Every structure is written in C-alpha cells, then in structure tokens.
Amino acid sequence: MSASAAERRNAVAAKRRNSLHSQRLWALWGSYIALGVFVVMFLVPPFYTLVTSLKSSAEISAQVGSPWLVRHPTLENFWYLITYPNFQRYYLNSVIVTILTVSVSMVISVLAAFSLSRMGFWGSQTLSTSVFLTYLVPPSLLFIPLFQIIGQLGLINNFWCLVILYPTLAVPFCTWIMIGYFSSIPRELDEAALIDGAGYLQMLWKIFIPVAMPGIIAATIFAFTVSWGAFLYPLAYLYTSNQMVLTVGIISDLIRGDVFQWGKIMAACLLASLPPIVIYAFLMDYYVAGLTAGATKG
Amino acid sequence: MADGTNVPIGGLAAASPKGRKTAMQKFAQRRSTTGFLLCLPLILLVACFVVYPAFYAIYLSMLNKKMTAFVGLGNFQFLLKRHTFQLVIFQSCLFAITAVVLKALLGFTLAHLMHNIPGKNQKIWRGLLLVPWVIPLALSTLTWWWMFDPSYSAFNWVLNQFGFANVPWLGVGWIARFCTIAVNVWYGTPFFMIMYLAALKSVPEQLYEASAIDGANAVQKLFFVTLPMMRNIISITVLFSLITTFADFDIVRILTAGGPQDMTHVFATYAFQVGIQSGDIPLGAADSLFMFPILAFAAFFVLRGVTKRTKEIAA
Numbered sequence: 025m026s027a028s029a030a031e032r033r034n035a036v037a038a039k040r041r042n043s044l045h046s047q048r049l050w051a052l053w054g055s056y057i058a059l060g061v062f063v064v065m066f067l068v069p070p071f072y073t074l075v076t077s078l079k080s081s082a083e084i085s086a087q088v089g090s091p092w093l094v095r096h097p098t099l100e101n102f103w104y105l106i107t108y109p110n111f112q113r114y115y116l117n118s119v120i121v122t123i124l125t126v127s128v129s130m131v132i133s134v135l136a137a138f139s140l141s142r143m144g145f146w147g148s149q150t151l152s153t154s155v156f157l158t159y160l161v162p163p164s165l166l167f168i169p170l171f172q173i174i175g176q177l178g179l180i181n182n183f184w185c186l187v188i189l190y191p192t193l194a195v196p197f198c199t200w201i202m203i204g205y206f207s208s209i210p211r212e213l214d215e216a217a218l219i220d221g222a223g224y225l226q227m228l229w230k231i232f233i234p235v236a237m238p239g240i241i242a243a244t245i246f247a248f249t250v251s252w253g254a255f256l257y258p259l260a261y262l263y264t265s266n267q268m269v270l271t272v273g274i275i276s277d278l279i280r281g282d283v284f285q286w287g288k289i290m291a292a293c294l295l296a297s298l299p300p301i302v303i304y305a306f307l308m309d310y311y312v313a314g315l316t317a318g319a320t321k322g
Numbered sequence: 665m666a667d668g669t670n671v672p673i674g675g676l677a678a679a680s681p682k683g684r685k686t687a688m689q690k691f692a693q694r695r696s697t698t699g700f701l702l703c704l705p706l707i708l709l710v711a712c713f714v715v716y717p718a719f720y721a722i723y724l725s726m727l728n729k730k731m732t733a734f735v736g737l738g739n740f741q742f743l744l745k746r747h748t749f750q751l752v753i754f755q756s757c758l759f760a761i762t763a764v765v766l767k768a769l770l771g772f773t774l775a776h777l778m779h780n781i782p783g784k785n786q787k788i789w790r791g792l793l794l795v796p797w798v799i800p801l802a803l804s805t806l807t808w809w810w811m812f813d814p815s816y817s818a819f820n821w822v823l824n825q826f827g828f829a830n831v832p833w834l835g836v837g838w839i840a841r842f843c844t845i846a847v848n849v850w851y852g853t854p855f856f857m858i859m860y861l862a863a864l865k866s867v868p869e870q871l872y873e874a875s876a877i878d879g880a881n882a883v884q885k886l887f888f889v890t891l892p893m894m895r896n897i898i899s900i901t902v903l904f905s906l907i908t909t910f911a912d913f914d915i916v917r918i919l920t921a922g923g924p925q926d927m928t929h930v931f932a933t934y935a936f937q938v939g940i941q942s943g944d945i946p947l948g949a950a951d952s953l954f955m956f957p958i959l960a961f962a963a964f965f966v967l968r969g970v971t972k973r974t975k976e977i978a979a
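Same order as they appear, the protein sequences are chains A and B.
With this note's numbering applied, the first sequence has no gaps in its numbers, which climb one by one up to 322 at the end.
With this note's numbering applied, the second sequence has no gaps in its numbers, which climb one by one up to 979 at the end.
Check before you lean on any hint, since a few could be wrong.
What the hints assert, rightly or not - If we take Cβ atoms under 8 Å as the criterion, some of the chain B residues that face chain A in the derived model are:
id, residue
1, PRO705
2, TRP808
3, MET893
4, ALA935
5, GLY939
6, ILE945
To be verified - Under 7 Å between C-beta atoms, here's a sample of chain B residues computed to sit facing chain A:
id, residue
7, GLY699
8, VAL795
9, LEU803
10, ALA963
Since the hints were derived computationally from the structure, they do not count as laboratory data.
Note that the structure is predicted; figures quoted are calculated from it, not measured.
Note that CB positions come from ideal geometry on N, CA and C, so glycine has one too.
With the hints as constraints, model all of the structure from the sequences given.
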C-alpha cells in the first residue's frame, strides 16, 4: 500500500514536471521563432546589398521579375571597383586616417585614464566628469565652428584634418572605458610594482596595459568604429576625390547627377563594410563587454 | 576613480618625523605632477577642439552673413520666424522621440527573447542581430535609399505582389518622415538590445524565485522585479540614445537631404545646408546651437542618473 502511494506521488510529480517542461519548451520555441522573424527583418538590407552588388547594370535596369533574386550573378562590379584608382584612393585614405586616429586616441586615452584612475591631482575629479560630458557632445553640434577653425589651420580639403578631429569623438568614451577597467585593478599590484622600484610609466606598461587588455581591445574597436564610419566631418571638410575617405567617396563619386550605378554603389558598400564586419566577427565579445561596463559603471 | 590617493599619504606624513615628511610630500607632489602631465594631451585636445569651438560657435552665431558686423541675437530671431525652421524643430523632436521610444520597446522585447534562450546559442543570435549596428550607418542608409528608390523600389515590388499600389516612399512628406524613423530604429535597436541584455543578466535570480514563491505571475514579475531593477540602465540608455538620435545627420542627409518640402530636415542637416552649402556660417552656427539646451537637459539627467547609481553602488 505504501508502495502504491509513493508511486502515485511520483506520477503526480512527473506530470507536474512534464507540464512545466512543456511550458518551458513552448517559451523556448516561441523565443526562437520571434527572434528568427527579427533576424530576417534586420538582415533584409544587408541581403539586398549583396544581391544588388552581384547584378550587372543591364539586369538592374531591365526590371524583369523579382528584384530580390539574381539571375546572372557577376563579379564585374567588384572588379571595376578594385581596379578603379579613385576607389583605391578612398580605401587607402580611410585606412591611413583610421590607423592614425586609433593610435592617437588610444595613446591619449590610456595615459589620461591611468592618471585619472590612480593619481589624484587638483581637479582630477572635475576632469573625469567633463570627459564624460564631452562624450555627450555630438559631432553635429560643433561642425560649423570647426569648419572655420580647420579653415584657419589651412586643413580644409585635407584628410589630415580628420586625424585631428576624430580623436575628439573617440577619446572621451575610450578614456571612460579605460578608467573603469583600470579602477578594477587591485591596488596591491601597483604597490608591489612600486616596492620593486618601477616608475609610473613602467607600471602602466608592464602591469596596467597587460591586465586591462580586454578594455584596451574594446576601446580600440570603438575608436575604429568612429573613424571608419564617420560621415559628417568628411562630407563637410573634404571635396576633391584625392582627399576623400570611403563614406563620402562612395556617395559623391558613384552618384553623378541622376545617374545611379546601383550595382557598383552596393558593391562599394560591401567592400567598405568588410573591415568592421571582420573585426566585429572576431572581437564582438570584448566590445560588448566594454560597452555595457562603460555605460553601467559610474 | 580619481579619489585623491595623496590624501592618506599626507595624513601619514603628518604623523611621521620631519625628514620623512618632506620626502613624502615630494612624492605626493611628484605623483600629482605626473598625473597632470599624463592628462595634458587629453586636456589640450578637449580644450582646442571641443571647448573653444563651442564658445566660437556662440560668437559666430551673433555675426551677420558676411561675418563683418555684430547682430546680437538677430540670427536666432530670424530662424524662429522662418517656417522651414519651425518644421525643423517639429521634425527633430518627432524623429528623436518616436525613434527612441520604438528602439527602447523593440530592444526590450529582443533582450527578453534573447534571455529566454540558452546561453550557448545566444552568441550566434546576438551576432546576427547586431549586424545593422556594425555596418557604418552612412553605407547602410545608401542601401535603404536604394530600396526606397521610386522606380526600382524593392519594397514596392513586394507590395505589388500582394496587390497593393506603389508607395512614393521618399516623395511624400509624412511617408518620408516615417522612412527616416524606420531606418533609425533599424540601426539603433541592437544597441538597446545589448544594453538591456546586460542589465537583465545582472538581475539576481533569487528575486524571481522569491516572487514566484509569493505567487507572482509573469506580468507581475516584469513590472515589480525586472523593470525596477533595470530602471537606471533603461533611463541612461534612453537618454544616451536621445542625444545621438536628436543630433543625427547621416540618415536624413542621405535618404532625403531634407526634402520633400523641407519636411524631414533635422537640426544637423539644416545647419549643414544653411552653413556649409549656402555659406551662411553664422546662421548655421545659430541653428546647431538650438540643439544645445535640449542636449544639456538630457546630459543633466544622464549625469544625475550616473552619480545616483554610483552612490547606490558605493552604499
């Protein structure tokens, strides 16, 4: 009798477990389906970019059948761009500007973050607050006075002006991320280094940078994103094709009057988005961690 | 953060013998001097290319078109009376508020869906959902423009398949406004998603267990556990996004360049058109300065939220 009661109890428990289990399963599948719908919606534009870039101009203008399919895939757009001197120039300019911007921004922000997280000096608290405030200044607020200032410096239509201006967009947030990472390093480490006779710069180089590497990666990706994708400054300050960077170059070079070479434009977009996509594919985790930490830490 | 490490050192120095005191003071002084020198590049950069231009903008906005005479607040008055500029104010607010609300809601939904699925698969889904945010905005907006193209529109083809008529996407004011907002939502939702996902993961599991024991259902859990726990991060993310959306330039510039009939102009694109393209730099400067009070207002609340959070964490 006791055995049958235990059995019954087991059966009830199993039933409840099953119903809970099936409920969870439903929630799981529902989530997958909903996410799938969102993914499809989000990926429509990139997909269409790819489809168009594989079409010839003739196929685009013929307008027969679905625009979402390719009938005669061709790489002629890509080939045209790769061998097109202007496009090579834009790519090269973008690469130069980005490498310089990222190096300059990282040097400035790592030094400042090291100092702000470890060495109190008069006004350092105010400075870290104002760094945060500077991050909130959007480029579209100051581009007109900067136009005058860049003009006075003689750097209008010279891509070097971007190397000066992009760090103003990247440095505040990079410093903010790095302050967070540096503050989380235990003070025992720098005490040990000081006892061993290390100077401050040695301490930064040999302890802080290696320990805070994930933060450095996140900040570098941020600086890269800013300088690769910025549009307003190059549009306002550059106007000849030997100085342009990719974002403006594609728009002003491949769109002439009313003639749109959409196949080429889309292929150019793909080629220009390739570096960010590759970088994010490998380093997304660091970036997301740095970004969420940077915004949630005080 | 910079919490003045030299203070305890000074306190220690006061209690120690005289010779050591000066050495300690020297040490503290050297430390703060080095600290200042390390910050110098940052200070110079911000002073020369952020603070100085900001004051220069105020000066510029008070000059006449040829920048020869001082006109006081004349440019601001002129702008406020202009019908186009009234449209700009309306559209900027409509654009920013609608887009941010939609992004926040969609981002929240997505974060919840992501939170439901097992952690191992989250990475792949997150990667796919972050694609809009990874592609440089100026380039992805070009694709949107191509999809909205009047004669080759890919969306219109789909509508035609279902028997609907063509929609003039960027040709009619209100539809064009809707399109600019849609593109911004598409671009910005992933950012909200990752912020909220991080916040959701930080809500302790015990709270849900406790509320489940008290008999709370899913809706109650959402309103009485999840949302209060996430309130800070929600407000900070929303205000961040409000600033960047309000100051947006790329989408409107590429998609419509302000048209049709100036109905989609926002502050940034209008300032570009007036200041750079038509060469009226003072008027353009005045136009972009209109953004300042609104941005300052948002920044004030962001900062207040951040400091409040820091205090809560410290407490």
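*asked:* Hints numbered earlier in the text: which of these fail when held up against the supplied structure?
replied: Violated hint (a single one): 3; every other hint is consistent with the structure.
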